[in-house]
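Novice: Listed below are the residues making up each chain.
Number of protein chains: 2
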Amino acid sequence: MSDKLGDMRRTHQCGELSAGDIGKSVVLMGWVQRRRDHGGVIFIDLRDRQGITQVVFNPEVNPALHDKAHGLRNEYVIGVRGHVDARPEGMINPNLTTGEIEVTAGELQIFNAAETPPFMIEDRIEVSENIRLKHRHIDLRRPSIQRNIITRHRASATVRNYLNGLGFLDLETPILTRSTPEGARDYLVPSRVNPGQFYALPQSPQLFKQLFMIAGFDRYYQIVRCFRDEDLRADRQPEFTQIDMEMSFVGEEDIMAVSEGMIRLLFKEILDRDLELPFQRLTYAEAVSRYGLDKPDIRFGLELTDLTDIVAGSGFKLFASAAAGGGVVKAINVKGGGDFTRKELDDLADFVTVYRAKGLAWIKVKPDGWQSPIAKFFTDAEKQALIERLDMAPGDLILFGADDARIVNDSLGNLRNHLGRRLGLIDDATYAFTWVTDFPMFEYDETEKRYQALHHPFTAPLEDDCDKLESDPLSVRSRAYDLVLNGFEIGGGSIRIHQIDLQQRIFKALGMASAEYEEKFGFLLSALASGAPPHGGIAFGFDRLVMLLCGEQSIRDVIAFPKTQRAACLLTGAPSEPAKAQLDELAIKVRKIQMEG
Amino acid sequence: MSDKLGDMRRTHQCGELSAGDIGKSVVLMGWVQRRRDHGGVIFIDLRDRQGITQVVFNPEVNPALHDKAHGLRNEYVIGVRGHVDARPEGMINPNLTTGEIEVTAGELQIFNAAETPPFMIEDRIEVSENIRLKHRHIDLRRPSIQRNIITRHRASATVRNYLNGLGFLDLETPILTRSTPEGARDYLVPSRVNPGQFYALPQSPQLFKQLFMIAGFDRYYQIVRCFRDEDLRADRQPEFTQIDMEMSFVGEEDIMAVSEGMIRLLFKEILDRDLELPFQRLTYAEAVSRYGLDKPDIRFGLELTDLTDIVAGSGFKLFASAAAGGGVVKAINVKGGGDFTRKELDDLADFVTVYRAKGLAWIKVKPDGWQSPIAKFFTDAEKQALIERLDMAPGDLILFGADDARIVNDSLGNLRNHLGRRLGLIDDATYAFTWVTDFPMFEYDETEKRYQALHHPFTAPLEDDCDKLESDPLSVRSRAYDLVLNGFEIGGGSIRIHQIDLQQRIFKALGMASAEYEEKFGFLLSALASGAPPHGGIAFGFDRLVMLLCGEQSIRDVIAFPKTQRAACLLTGAPSEPAKAQLDELAIKVRKIQMEG
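Same order as they appear, the protein sequences are chains A and B.
Note that the numbering used here numbers the first sequence so that position 231 is 244, with each residue one more than the last.
Note that the numbering used here numbers the second sequence so that position 332 is 345, with each residue one more than the last.
Hints in this document: simulated from the structure, not taken from any laboratory.
Be aware that one or more of the hints could be misleading.
Claimed, not checked - BS3-like cross-link-like pairs, simulated, lysine-lysine; straight-line CA separation at most 27 Å:
hint	chain 1	residue 1	chain 2	residue 2
1	A	K521	B	K593
2	A	K533	B	K602
3	B	K593	A	K602
4	A	K533	B	K147
5	B	K147	A	K462
6	A	K593	B	K147
7	A	K593	B	K533
8	A	K521	B	K147
9	B	K521	A	K147
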C-alpha cells in the first residue's frame, strides 16, 4: 500500500505506556520531536496528540535499523514496532508519564519526511503571530495550542451532555438566511437562482430559535456559527461560535439556573474548580453606579462613589457646573495611591481622555492634610463630607470625574480596571461571576435621531415599565440579563416578547411604521399570533469562554483556523479574487474602488 | 410578570402522567389540541412535545374556571394547575400513555390566544408543501415532522457519543473560506474589508480536516454545514449537513470499521434494528457490471448479464455493431415478466430513453418458444447460449441494452430499480448496505477536454496503479469508497494523498500547470512537506441518513427550515433584495439582468 502502513497497526498512543507495560511488544506512530545521538545510540522522542515516548535504536541490537534511524529529522512521521523496556537507572524522567520506560525499536517505517519547520514546535517561541497563522498546521502542533483546541472539544462535549441531559434538543438553523437587524453589519451572499437577491449569514439564530419555541420544541440549543461584518478589534472574529439556547414556559430564574449549572460543570470538568452557586446579581443601575460599567470586574474594590450632592454647591466650577447641568461627580479612592508621581497622575489623566473625560481631578491625602490643586475650592464642611463619604485616610489618592453620567461612568469604570491591574489588585486565579439584569430597553441614537434596542427588538420589557413605552422609552427596563466573568461579558439573553400587540408597540417605539415591520418581521408577528408560549433564552460566546478556561489572552489562540484583524486567513489565502465567470453567473460586478491600506 | 407565569411552574410534561400519579397536584403547560364539550363538562386535550393529557373543567367543581375555559380555542397556549384523577370507567384510552388519567383543573392561565391555523395540526393533511413551508412554525407542530426533528437530534447525539468514545475530537472549521474545487459551484461572500475579494462557503471541510491530521490531531469529526450552489433536484438543498471525519495512521479497513460501528449504533438507537457487520463490499467494477450503477440497491435481484461475447457475431445488427464498436450488450431477466403488455413494454422503452438508450429489445419466453421481434436474428447456437446464460424459463421477460457501456449500464441499472419497485420486489423493511470500492481516479470531461477527479484531487490512487497515472489515467483506480444503503449513497470517503510528489503528479494529470496548483493549493503542498501522516476519512450525508432513519421520502421533511427548489425560504423570505447602501459598502453592483421564470 502506498501509505507504507502494511500490516503495521498502532497498538498504543505515545502518552500511555508506563512501567506496567514493560515487556510488551508495541507499535507507536507519530512525529520525531527530537533526535539525540548518545554513545552511538540514537534516541528519538516520538510525539503524538497524547504525549511523548522515547524510542531507542541501538546499533548493537540492530545495526541496519540504527542506520535507517540515522536519516530521521525533526517532524519526520514514522511508525515503530518495538519492545517496552525499563529505562536504565538515572535515565528515568519523573516529569513524563512515560518517563520510566523506553521502546527498543525492532522495525521502523518512515511514512513521510519533513522540511525543517519555520519555528520550533514548542510553547515559548519568539515568532510573530502572522508567521504562526501562515503556518497554522505547524503552529497547531505546539503543545499549548494543541491543548487549547482539545479543551475546546472537551468544553463543547461537556455542554452537550449537560443540555441533552436536561431535555434540550440540538436543532439546526439555516446559515443562508434573511438579513435581520442585530446591530452589526451582515455578510451577504448573492443568489444565482434569484439574481439581484441576497442571503445574509446569521448574526445569531435569534428568530429561528423563537420559531422553534412557537413550534413547541420546548428546549432548544445549538453550538452554532454566527457572523458579523464588523471592523475587527483584538477580540473579535468575522465568524464566531456561540452556545445558543431557548426555553419555553420559563422566567429569568429558570434560564439563570440552567446557565449556572452549565458553567459550574464546565469549570469542574475543565479546570477542576468548584464554583459557588448562585452567582451574584447586580442590576444594570447598580453595576454602573458602583463600577461604572455594565460588565464589572468584581474581583477587586476601587468602587465609584457618587459625590454630586456634596459638591453641587462648591466653589469648584467644574464640579458645580457638571451637577447643575444634570451630570454627576464621582470619585475612586485609591487606597495607598498617595505616592503616585506627577507623571503617573498625568498618565492617568491621559488614559481617561480616551473615554472622552476632559480631565482627572485628584487629591492626595497626606498626614497633614490634602495635597491637591482643587483643595482650595472646598469649604470645611464640604471637605468633612468628602472625607466621610470616601472614607479618606492618609496615603489615599482620590480621583474625580465630573461630566455627563455616561462619560464619568465610562471613564472612571475603565480607569478602575486599569488601576486594578496596575496595582496588582486582581487575583488571576479567581473567577468572579455576576449577572447583570434590568438593562434599559432602549438607547437614543444621536446620529440617526431615533431609539434603538439595547439588546434586540424581541426582548421583553419589565411588566412594571410597559406603560412608559410610548411616554418615556429611555426609562423602560428590559428583562435582559448578561453573565459577566472577570469583566468579560460571556453570555447574554432575555425573556422574549410572546404577545403580538407588545411586539408591535416595540417596533413602533423603534420608529418603524407598520408597513416596515410587516415587511421585515411579518413572519414573526404571524408566528406570535399562532399560539406562542412565554419563552426566553441566552447565548454564550463560546470562543471567549474557552479562552478564559484556557487562560489565554486572545480568542485566536482557541480557534483552529482564525482570521486576522484584516479578516484574512493567512494559511489558505481567503478571501481571494473570484473568476469573472463566477461573478457573471451571480449577476454582480465589482465596482472600481480605491484600494485602502 | 408580563408572561403571566407568576408562580406557576411546570411540574410535568403532557406525556408523562400515568395511573401511578393519581392523587398528585400538578402543573401542565402546552397547546390546546382539541376542546370537547360533553354533558356540560369541557375536555381539553393539552399537547406539548412529549404527548397529550386530558384536562377537565367541570362546572360543578369550579363554575368560574369552567366559564374561562369556554374561551379556549385550538392552539391557545395555556397553563393548568390541577389534580390527577383516574378516568371514569369506559373513558380509558389504552392507546395513550396518559390514557388512564385526566387532570381536573383548579387554575387556568391563558398565556396566548391563537388564530385558527391554516391547516390542521395532524399527520394526514391535504395541503401543498409550499403552504406548509410558508407556515413552517405550524407545520413543525405536526406529530410526524416533530418526531423527525427530534429523531435528528437523537441521531446527532448518538453519533457524537460514539465518536467521542473512540477518541475523535469535535473540531470546528471555517465557514468563510477559500474556494476549492469540489465539482460544484461555490457560494461566494464579498469581503468589505478587502474590496473585490470574496470568501467561498465550504463545499466540505476537506482540506481543513487534512490539515488537522497534518497538525497531529489524529482523529477529527464534525457535524458540519456544507454548501453547494447547484441547480436543485428533489433531494438537494443549498446547505446541507454532513458527518465529517478523518483519521491518521489508518487504511481503508479502519475507516470502514469505525463507520460500520456508527451506522449499527444509529440503527439500534433510533430503530431498534440489529444490523449485521461487516457490510458487504463490491468493487466499482463489480457493482457496475452486476447492477449497472455505482450505488446499487441490493435488496432484490434482476441483475445485469453481459452477453456481448454471445451476440457479437449475430445477425442482429444493433447488437453486432455495439459489440464491434467497443460497446456492450447486456440484459435483465425479469422472472414472471412474460405477461407484460405491448403498452407496458413501450413505457419501459420510453423510460430508458431518459438515460440515452436508443431502444429496448425484448424477448418473452413462452412455453412454446420466444415471442420477440428480434428472435429471428439468432442462430440456434446463439439462442441456446442466451438461454443458458440468462437462465431463461417460460414466463420470463428478457430486456436488452446495446450501446456504449456507460449508456447500457446507466439505462439498465435505472430500469432495474424501476422494475424492482414496480414489481414489488423491494422489501421496505430491509436495510441493505454495501461498500463500493476501487472507483476510477479520473473521468474524462468531454466538454472541457481534460481529466477530472471522480472524487476529489486529494484521493490516493491504488499503489498498484500509480505507474499508469501519466500513461493511462482512466485505468487508475482510487482508494475511494462509498457506503450505499438501499440504492442511496449515504457516505463516501477515501484514503488521501500524504506525499507531496504524488499530489503534484495528480494535479498534473488533471491538467494543472505547476503555477496553477501552487497558487491554488500551495498551502496544502507546503503542509504535505511539513510531516504529513498517512490519513483518510469519510463523510456521511446527515440529512439523507436521517431521512432514511425516519422512513421519509424527502430530506425537506427532516430539516427544520428547508429551502425550496428555487433555493428560497418561504417562511422568512430569504433571499431578498439588499439595501443599496449595503452593496455600496461591499463595492459590488447588481448587473441589469433579464429575470428568469
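Novice: State for each hint whether it applies.
Specialist: Status of each hint after checking the structure:
1. Straight-line distance between C-alpha atoms of K521/A and K593/B comes to about 24 Å, which keeps the hinted pair within the 27 Å bound.
2. A threshold of 27 Å between alpha carbons decides the hint, and for K533/A with K602/B the separation of about 23 Å falls inside it, so the pair holds.
3. With a C-alpha separation of about 14 Å, the suggested pair K593/B and K602/A falls inside the 27 Å cut-off, and the hint holds.
4. Proposed proximity of K533/A and K147/B is supported: the alpha carbons are some 15 Å apart, at most 27 Å.
5. The hinted pair formed by K147/B and K462/A fails the criterion: a straight-line CA distance of about 36 Å is larger than 27 Å.
6. Proposed proximity of K593/A and K147/B is contradicted: the alpha carbons are some 36 Å apart, above 27 Å.
7. Between the alpha carbons of K593/A and K533/B the distance comes to roughly 16 Å, so the proposed pair stays at or under 27 Å and holds.
8. Note on K521/A and K147/B: the hinted pairing holds, with a Cα-Cα distance of about 25 Å set against a maximum of 27 Å.
9. Annotation: proposed proximity of K521/B to K147/A holds, straight-line Cα distance about 25 Å (limit 27 Å).
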